[in-house]
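Student: Listed below, chain by chain, are the residues.
4 protein chains.
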Amino acid sequence: MVNNIQKVGFIGLGKMGNPIAKNILNSGFDLTVHNRTPGKMKSLLDAGANGATSPREAARGVDVVITCLMDDQTELDSTLGEDGLLAGLEPGGIHIGTATISPSCAATLAEIHRTNGSHYVAAPLFGRPDAAAAGTLLTYVAGDEKVIKACKNLFEAYSRSHIYMGDDPKKVNSIKLTMNFILVCLIELFSQTYTFAEKSGIEPEFTQELIMTVLQHPVLKEYATRLRLQEFEPAAFKLSAGYKDVELMLQASSDVRAPLIFASAIREKFLTALANGMAEKDWSAIYEIARTNAGLT
Amino acid sequence: MVNNIQKVGFIGLGKMGNPIAKNILNSGFDLTVHNRTPGKMKSLLDAGANGATSPREAARGVDVVITCLMDDQTELDSTLGEDGLLAGLEPGGIHIGTATISPSCAATLAEIHRTNGSHYVAAPLFGRPDAAAAGTLLTYVAGDEKVIKACKNLFEAYSRSHIYMGDDPKKVNSIKLTMNFILVCLIELFSQTYTFAEKSGIEPEFTQELIMTVLQHPVLKEYATRLRLQEFEPAAFKLSAGYKDVELMLQASSDVRAPLIFASAIREKFLTALANGMAEKDWSAIYEIARTNAGLT
Amino acid sequence: MVNNIQKVGFIGLGKMGNPIAKNILNSGFDLTVHNRTPGKMKSLLDAGANGATSPREAARGVDVVITCLMDDQTELDSTLGEDGLLAGLEPGGIHIGTATISPSCAATLAEIHRTNGSHYVAAPLFGRPDAAAAGTLLTYVAGDEKVIKACKNLFEAYSRSHIYMGDDPKKVNSIKLTMNFILVCLIELFSQTYTFAEKSGIEPEFTQELIMTVLQHPVLKEYATRLRLQEFEPAAFKLSAGYKDVELMLQASSDVRAPLIFASAIREKFLTALANGMAEKDWSAIYEIARTNAGLT
Amino acid sequence: MVNNIQKVGFIGLGKMGNPIAKNILNSGFDLTVHNRTPGKMKSLLDAGANGATSPREAARGVDVVITCLMDDQTELDSTLGEDGLLAGLEPGGIHIGTATISPSCAATLAEIHRTNGSHYVAAPLFGRPDAAAAGTLLTYVAGDEKVIKACKNLFEAYSRSHIYMGDDPKKVNSIKLTMNFILVCLIELFSQTYTFAEKSGIEPEFTQELIMTVLQHPVLKEYATRLRLQEFEPAAFKLSAGYKDVELMLQASSDVRAPLIFASAIREKFLTALANGMAEKDWSAIYEIARTNAGLT
Numbered sequence: 003m004v005n006n007i008q009k010v011g012f013i014g015l016g017k018m019g020n021p022i023a024k025n026i027l028n029s030g031f032d033l034t035v036h037n038r039t040p041g042k043m044k045s046l047l048d049a050g051a052n053g054a055t056s057p058r059e060a061a062r063g064v065d066v067v068i069t070c071l072m073d074d075q076t077e078l079d080s081t082l083g084e085d086g087l088l089a090g091l092e093p094g095g096i097h098i099g100t101a102t103i104s105p106s107c108a109a110t111l112a113e114i115h116r117t118n119g120s121h122y123v124a125a126p127l128f129g130r131p132d133a134a135a136a137g138t139l140l141t142y143v144a145g146d147e148k149v150i151k152a153c154k155n156l157f158e159a160y161s162r163s164h165i166y167m168g169d170d171p172k173k174v175n176s177i178k179l180t181m182n183f184i185l186v187c188l189i190e191l192f193s194q195t196y197t198f199a200e201k202s203g204i205e206p207e208f209t210q211e212l213i214m215t216v217l218q219h220p221v222l223k224e225y226a227t228r229l230r231l232q233e234f235e236p237a238a239f240k241l242s243a244g245y246k247d248v249e250l251m252l253q254a255s256s257d258v259r260a261p262l263i264f265a266s267a268i269r270e271k272f273l274t275a276l277a278n279g280m281a282e283k284d285w286s287a288i289y290e291i292a293r294t295n296a297g298l299t
Numbered sequence: 003m004v005n006n007i008q009k010v011g012f013i014g015l016g017k018m019g020n021p022i023a024k025n026i027l028n029s030g031f032d033l034t035v036h037n038r039t040p041g042k043m044k045s046l047l048d049a050g051a052n053g054a055t056s057p058r059e060a061a062r063g064v065d066v067v068i069t070c071l072m073d074d075q076t077e078l079d080s081t082l083g084e085d086g087l088l089a090g091l092e093p094g095g096i097h098i099g100t101a102t103i104s105p106s107c108a109a110t111l112a113e114i115h116r117t118n119g120s121h122y123v124a125a126p127l128f129g130r131p132d133a134a135a136a137g138t139l140l141t142y143v144a145g146d147e148k149v150i151k152a153c154k155n156l157f158e159a160y161s162r163s164h165i166y167m168g169d170d171p172k173k174v175n176s177i178k179l180t181m182n183f184i185l186v187c188l189i190e191l192f193s194q195t196y197t198f199a200e201k202s203g204i205e206p207e208f209t210q211e212l213i214m215t216v217l218q219h220p221v222l223k224e225y226a227t228r229l230r231l232q233e234f235e236p237a238a239f240k241l242s243a244g245y246k247d248v249e250l251m252l253q254a255s256s257d258v259r260a261p262l263i264f265a266s267a268i269r270e271k272f273l274t275a276l277a278n279g280m281a282e283k284d285w286s287a288i289y290e291i292a293r294t295n296a297g298l299t
Numbered sequence: 003m004v005n006n007i008q009k010v011g012f013i014g015l016g017k018m019g020n021p022i023a024k025n026i027l028n029s030g031f032d033l034t035v036h037n038r039t040p041g042k043m044k045s046l047l048d049a050g051a052n053g054a055t056s057p058r059e060a061a062r063g064v065d066v067v068i069t070c071l072m073d074d075q076t077e078l079d080s081t082l083g084e085d086g087l088l089a090g091l092e093p094g095g096i097h098i099g100t101a102t103i104s105p106s107c108a109a110t111l112a113e114i115h116r117t118n119g120s121h122y123v124a125a126p127l128f129g130r131p132d133a134a135a136a137g138t139l140l141t142y143v144a145g146d147e148k149v150i151k152a153c154k155n156l157f158e159a160y161s162r163s164h165i166y167m168g169d170d171p172k173k174v175n176s177i178k179l180t181m182n183f184i185l186v187c188l189i190e191l192f193s194q195t196y197t198f199a200e201k202s203g204i205e206p207e208f209t210q211e212l213i214m215t216v217l218q219h220p221v222l223k224e225y226a227t228r229l230r231l232q233e234f235e236p237a238a239f240k241l242s243a244g245y246k247d248v249e250l251m252l253q254a255s256s257d258v259r260a261p262l263i264f265a266s267a268i269r270e271k272f273l274t275a276l277a278n279g280m281a282e283k284d285w286s287a288i289y290e291i292a293r294t295n296a297g298l299t
Numbered sequence: 003m004v005n006n007i008q009k010v011g012f013i014g015l016g017k018m019g020n021p022i023a024k025n026i027l028n029s030g031f032d033l034t035v036h037n038r039t040p041g042k043m044k045s046l047l048d049a050g051a052n053g054a055t056s057p058r059e060a061a062r063g064v065d066v067v068i069t070c071l072m073d074d075q076t077e078l079d080s081t082l083g084e085d086g087l088l089a090g091l092e093p094g095g096i097h098i099g100t101a102t103i104s105p106s107c108a109a110t111l112a113e114i115h116r117t118n119g120s121h122y123v124a125a126p127l128f129g130r131p132d133a134a135a136a137g138t139l140l141t142y143v144a145g146d147e148k149v150i151k152a153c154k155n156l157f158e159a160y161s162r163s164h165i166y167m168g169d170d171p172k173k174v175n176s177i178k179l180t181m182n183f184i185l186v187c188l189i190e191l192f193s194q195t196y197t198f199a200e201k202s203g204i205e206p207e208f209t210q211e212l213i214m215t216v217l218q219h220p221v222l223k224e225y226a227t228r229l230r231l232q233e234f235e236p237a238a239f240k241l242s243a244g245y246k247d248v249e250l251m252l253q254a255s256s257d258v259r260a261p262l263i264f265a266s267a268i269r270e271k272f273l274t275a276l277a278n279g280m281a282e283k284d285w286s287a288i289y290e291i292a293r294t295n296a297g298l299t
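So the sequences go chain by chain: A, B, S and L. Take 3 as the starting number for the first sequence in this note's numbering and just add one per residue. Take 3 as the starting number for the second sequence in this note's numbering and just add one per residue. Take 3 as the starting number for the third sequence in this note's numbering and just add one per residue. Take 3 as the starting number for the fourth sequence in this note's numbering and just add one per residue.
Bear in mind the hints are in silico, worked out from the structure with no lab data behind them. Beta carbons are placed, not taken as given, at the ideal position from N, Cα and C, and that holds for glycine. Be aware that a few hints might be false.
Stated by the list, open to error - Below 20 Å or equal to it, Euclidean Cα-Cα: the simulated EDC-like pairs (lysine to aspartate or glutamate) are: (1) L:Lys246 x A:Asp257; (2) B:Lys240 x A:Asp132; (3) A:Lys223 x B:Glu205; (4) S:Lys223 x L:Glu200; (5) B:Lys240 x S:Asp257; (6) L:Lys240 x S:Asp132; (7) B:Lys240 x A:Asp257; (8) B:Lys246 x A:Asp73; (9) A:Lys240 x L:Glu211; (10) B:Lys223 x A:Glu211; (11) S:Lys240 x B:Asp169; (12) A:Lys246 x L:Glu249; (13) L:Lys246 x S:Asp74; (14) A:Lys240 x B:Asp74; (15) B:Lys246 x S:Glu235; (16) B:Lys283 x A:Asp257; (17) S:Lys223 x L:Asp132; (18) L:Lys223 x S:Asp132; (19) S:Lys283 x S:Glu235; (20) B:Lys223 x A:Asp73; (21) S:Lys17 x L:Glu200; (22) B:Lys154 x B:Asp169; (23) L:Lys223 x S:Glu205; (24) L:Lys223 x L:Glu207.
To be verified - Estimated spans, in silico, between C-beta atoms of each pair: (25) L:Gly279 x A:Leu47: 54 to 60 Å; (26) L:Asn6 x S:Glu205: 57 to 63 Å; (27) A:Pro40 x S:Ala238: 32 to 38 Å; (28) S:Thr299 x A:Ala243: 26 to 32 Å.
In isolation and in its complexed conformation, chain A is listed as follows (with noise of 0.2 Å):
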């Protein structure tokens, strides 16, 4: 591992990769791209860049080699095999994987650098295309702190921000699935109140400003904080009457037939909660059974 990262590679140019290997280009790093397409690398290459024909050759002589591929299975198949990165890679070198992928895989890649005696840092993105393009993206990273550090430069010429998370590259793949799942069940929480919305008679415009409202309201931080200090007693709205607006939204939802999906999982979350005797805690106390469920005391 050197201290002054100068040469570096690039795996995957697609909508994320291109624009970050770009910033990397134009920050003055000496770059190396490889897509599996070929097509792709042209805009790099008539930039300054260097063309590699596999991942092997993309990693060899570099300081650090970045992946910025699809899933599990591309990371894998760019790491590992003949033409994979690994046996491109000088020992001591540096892998950056900042795909999405699973915690177990990203875990399974550090331990792979580990008997290999190179190091992989976990490094996903936060951000879509045009904070790529912009380099205003987020990353959290993990791996060695000394690497990391290493790699201060490099971070900063694609990420608004790096943010330090640790050793366990675990960690940060799962704080991203936290975060898109935060996300996607957002946008579907948008799609069943348009919807019911709609069908009840009340105009989209309206039901947009609805939905901000409450995502900017100042209570939605104390039920966050509530949760977190797992606090439930006193009642600010009883479990009891809190069980009775949900059969309301189901009941208004069948009379305007319109689905309510997460209305009746929640439905039976308090009916649990009330079988359990807790009708007088704070109808956030449902969060007690998410915790039983996953065998949290």
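Once you have looked at the hints, place chains B, S and L on chain A.
Tutor: Leaving out everything else, chains B, S and L in the frame of chain A:
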């Protein structure tokens, strides 16, 4: 109906009703209160309110009677029958219903008053007991516009603002349920998020920060707009890629033994979308599945 | 109450009611019928029944009045009010309710009759219109045992057999709902099975054979017994192995793009069981999760 | 490939593998066994089997090698690599895979053998350890028909019957998963039924009888046929009436505090059907929703 509301009846002195009634009294109205459990009337009687032994008596001789009760059944019970408020209310009298009731019950109440020659105003409360005490509740109101204008001072006595939403009382109750739906979904979302994160080794303080960061992220407004306009092409993040992430969430939830019930429900929507040729659209196009299931084109 | 039932009122001549009334008439009872849409009475009047213009009139002077209506609301409407059967029924009269109604509505009707000095017998119907026509319905009955014995001939006029289930009318309606629950779950199970199988290249004829083979397999009785006795050790098939199979089903459902919604719901129960230390028990021990969620120990 | 199978290798001596291997040995085959934990080989070695230290050795010089392992990963691990069975198997050799694996893994194994010049036969087991011991397992087999015919005596050594299902190994694994899907759904259905019934005051013995009565009722064959033929008109029981019953189940489940999670999932399908104009069809027409969601027309 009078244009200068002076005499007000108030039925239901619970956690919300008590502070609201107090604010009305403090604003100079001539107030008569009733509560099924008489002991809860004491503090208001001490403060100068008149006491009534039944809803009918509370409605007798007043300009407006307000109900602040538990649910459909208690609203109907207080309105109808020998001792109901309808038996006491004079022709042209006004009934303001503040409870969270079903939209269909609100329609029934409006119809009952229409037949009776009196007025029903649906005015569900947005805010919790502390907002009621501070007089900072938000109220969406629906009913006869002239009637609502006549009640302006009364609404101002207990609400920070009241917003006229037309003459359909079902609608404001649908809005109330929509807001509560969003809220309870967020609570359950927080529950699953904290649980999954904790079992993945992420500290609750960090998880809370993550949750608040996503909720306040500008991308949510973009998604809410995209859905409202039903613009799913070109994709910022393809549905097929989003599906891959949903599967990763479920795999991780399996690895750490923490069910993510919303992710399971969402998985079904993604699979349905993929089975119906939507792989290249933006992942927020799962909205189309919710619409189809509700019979919207 | 008389011991020799002769005169019978019958309210509700729909798909079920019509053939039942005909069988009662054919058995020699003196029958008076009522239907909201009078046209549906014609074939019975032609066959010798008397016509009534209201539930009250149908109940006047008879020993027993039978209702065969749609739901809670129509049962209550036909019973109560100025034109309700209660207004016509003599002291000690009997009301046999055959509709599928909520257990709580059945309890309400029983209480109303008790107060009124008459008798309510809950007797929901098991069977479809063809069984009603053939007189081969099965009836579970609950109410006063002497009253039910007095109605023996009447039950025999339209049922293959009637089984006394004690004096609680809620119970037989719960049994009816339980049977319909099993039935509708099987229909949905068939739906998912045919869909998944077809998308996996399996011919529908073969799938039907497969379904019928499993339903008639002796192992199901073993499972039903195991659950009843709550004997989950030693395991015939470990919960951890069962979970693996559930994940394989979901993976295959993903591969062929056919959501298996029951498998998703079941996956959550297995994960909950595994998170709570049940990996070594028989996979049927997921029953314990259902019990816990219902507050049973 | 030989036409007279004599020498058999057997890998995986677990609960299923052990009795199967014993039956094969008892039928006079020359058997070589391998198990990862060597201790489990003892009883077979004592009975006259040869021992092998690796899958490769177990496959060396035999006509057929059978694997009876846990999952996709163990099947692949035993097949591939330096010590895998493929390294030992002679050209034209046969690999019979009996594990419950994913259809896609079965396809992969078939492809690997095709490339290798050997044969893969998918033959998942239907039955539990007691059936394995009694030699009464049922086996669906897929692969090259001539190969399967050559193995006739071998299949008969451990199965009551083996049924040829064509040459696609994915298909028989899909059939196995379909059967297990039906089975696990029934177990979960029993769980919900017993729980709801117990909380409704119904004795478990009676509930078991009820369950068995429905499962053996001829109406189920009618429904299975109706779905297969997609004949939903005329309705025997209208979808709108069926929906009413589903709502009654949910109301009762709420009253007794026992979540009926399948009823919640089914409610969504009924609502979707009603929102799309299917009220007058037979209630079994919810099958059309499952088909639509899977992209079938």
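Student: All hints, please: hold or fail.
Tutor: Against the structure, the hints:
A hinted pair counts as satisfied when its Cα atoms are at most 20 Å apart, and Lys246 of chain L with Asp257 of chain A qualifies at roughly 12 Å. Pair hint Lys240 of chain B plus Asp132 of chain A holds up; C-alpha atoms about 15 Å apart against a cutoff of 20 Å. Only pairs whose Cα atoms come within 20 Å are accepted, and Lys223 of chain A paired with Glu205 of chain B is accepted, the gap being roughly 17 Å. With a C-alpha separation of about 19 Å, the suggested pairing of Lys223 of chain S with Glu200 of chain L holds against the 20 Å cut-off.
At roughly 18 Å between alpha-carbon atoms, Lys240 of chain B and Asp257 of chain S fall within 20 Å of each other, so this suggested pair holds. For the proposed pair Lys240 of chain L and Asp132 of chain S, the alpha carbon gap of about 15 Å is at most 20 Å, so the pair holds. At roughly 34 Å between alpha-carbon atoms, Lys240 of chain B and Asp257 of chain A are farther apart than 20 Å, so this suggested pair is violated. For the hint linking Lys246 of chain B to Asp73 of chain A, the alpha-carbon distance of about 8 Å falls within 20 Å, and the restraint holds.
As the CA atoms of Lys240 of chain A and Glu211 of chain L are separated by approximately 40 Å, the hinted pair breaks the 20 Å bound. A distance of roughly 10 Å separates the Cα atoms of Lys223 of chain B and Glu211 of chain A; the hinted pair therefore holds under the 20 Å criterion. About 61 Å separates the Cα atoms of Lys240 of chain S and Asp169 of chain B, which puts this hinted pair outside 20 Å; it is violated. A distance of roughly 16 Å separates the Cα atoms of Lys246 of chain A and Glu249 of chain L; the hinted pair therefore holds under the 20 Å criterion.
Pair hint Lys246 of chain L plus Asp74 of chain S holds up; C-alpha atoms about 10 Å apart against a cutoff of 20 Å. Restraint check: the Cα-Cα separation between Lys240 of chain A and Asp74 of chain B comes to about 18 Å, which is no more than 20 Å; the hinted pair holds. This hinted pair does not check out: Lys246 of chain B and Glu235 of chain S have alpha carbons roughly 38 Å apart, beyond 20 Å. Proximity of Lys283 of chain B to Asp257 of chain A is assessed by CA-CA distance (about 31 Å); at most 20 Å being required, the pair is judged violated.
The straight-line distance between the Cα atoms of Lys223 of chain S and Asp132 of chain L is roughly 16 Å, inside the 20 Å bound, and the hint therefore holds. Among the hinted pairs, Lys223 of chain L with Asp132 of chain S is consistent with the structure: their alpha-carbon atoms are about 16 Å apart, no more than 20 Å. Of the supplied pair hints, the one linking Lys283 of chain S and Glu235 of chain S holds, its CA atoms being roughly 6 Å apart against a limit of 20 Å. The straight-line distance between the Cα atoms of Lys223 of chain B and Asp73 of chain A is roughly 28 Å, outside the 20 Å bound, and the hint therefore fails.
A distance of roughly 32 Å separates the Cα atoms of Lys17 of chain S and Glu200 of chain L; the hinted pair therefore is violated under the 20 Å criterion. For the suggested pair Lys154 of chain B and Asp169 of chain B, the alpha carbons sit about 16 Å apart, so the restraint of at most 20 Å is met. With a CA separation close to 17 Å, the supplied pair Lys223 of chain L and Glu205 of chain S stays within the 20 Å bound. Taking the CA atoms of Lys223 of chain L and Glu207 of chain L, the gap is about 25 Å. The hint is violated against a cut of 20 Å.
Between Gly279 of chain L and Leu47 of chain A the beta carbons are some 57 Å apart, a value that agrees with the proposed interval 54 to 60 Å. Range check, Asn6 of chain L to Glu205 of chain S: about 34 Å between beta-carbon atoms, so the 57 to 63 Å window is missed. The given range of 32 to 38 Å is broken by Pro40 of chain A and Ala238 of chain S, whose C-beta atoms sit roughly 56 Å from each other. For the hinted restraint 26 to 32 Å between Thr299 of chain S and Ala243 of chain A, the CB-CB distance of approximately 27 Å keeps it satisfied.
Hints 7, 9, 11, 15, 16, 20, 21, 24, 26, 27 from the list above are not met by this structure, while the remaining hints are.
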